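Construct all of the structure, not just a fragment, from the sequences and the given hints.
Residue numbers (numbering that gives the first Met the number 0): 0 to 96.
Hints listed in this document are in silico derivations from the structure and should not be mistaken for laboratory results.
Honestly, I wouldn't trust all of these hints.
[To be verified] Capping the alpha-carbon separation at 20 angstroms, the derived lysine to aspartate or glutamate pairs in EDC-like fashion look like this: (1) K94 x D36; (2) K9 x E23; (3) K16 x E86.
Keep in mind that this is a model prediction, so the values were computed, not measured.
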Amino acid sequence: MRVVTFKRIKEFIEKHKDSRTALEDWYFKTTKANWQDLSGIKKTFSSVDYVGNNRFVFNIKGNNYRLVAIVIFASQKVYIRFIGTHEEYNRIDCKNI
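So, in structure tokens, the structure goes:
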């Protein structure tokens with residue numbers, strides 16, 4: 000999968016240094032993956048949730064943080080739409096970001 004863009008991860012890590020290892024692990028596993036559907040994502044990340052509109056929610060660092068991404072299986076691309084704390088996640092409409 001191609002992650003668009005690492006810049007969002009880098010910016011988040013600058014603000015939340017404790018997320019570095021978990022986000023780098025997520026990025027590494029995602030870029031090595033060849034997902035074709037939700038079951039493929041679940042093999043890599045068992046706690047991922049599909050929330051509709053091609054959006055998937057990943058728990059990061061033991062659910063301290065959340066990452067919302069659009070996954071386009073046909074083009075093998077992952078678009079990061081949101082990275083935030085659990086509290087920040089609760090305030091967004093993740094289906095429409």
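Does K94 pair with D36 here, judged by a C-alpha cut-off of 20 angstroms? holds, 18 angstroms
Are the Cα atoms of K16 and E86 separated by 20 angstroms or less? Cα-Cα ~17 angstroms, so holds.
Hinted pair K9 and E23, Cα distance within 20 angstroms
Within the cut-off at roughly 9 angstroms; holds.
Violated hints: none; the structure is consistent with every hint.
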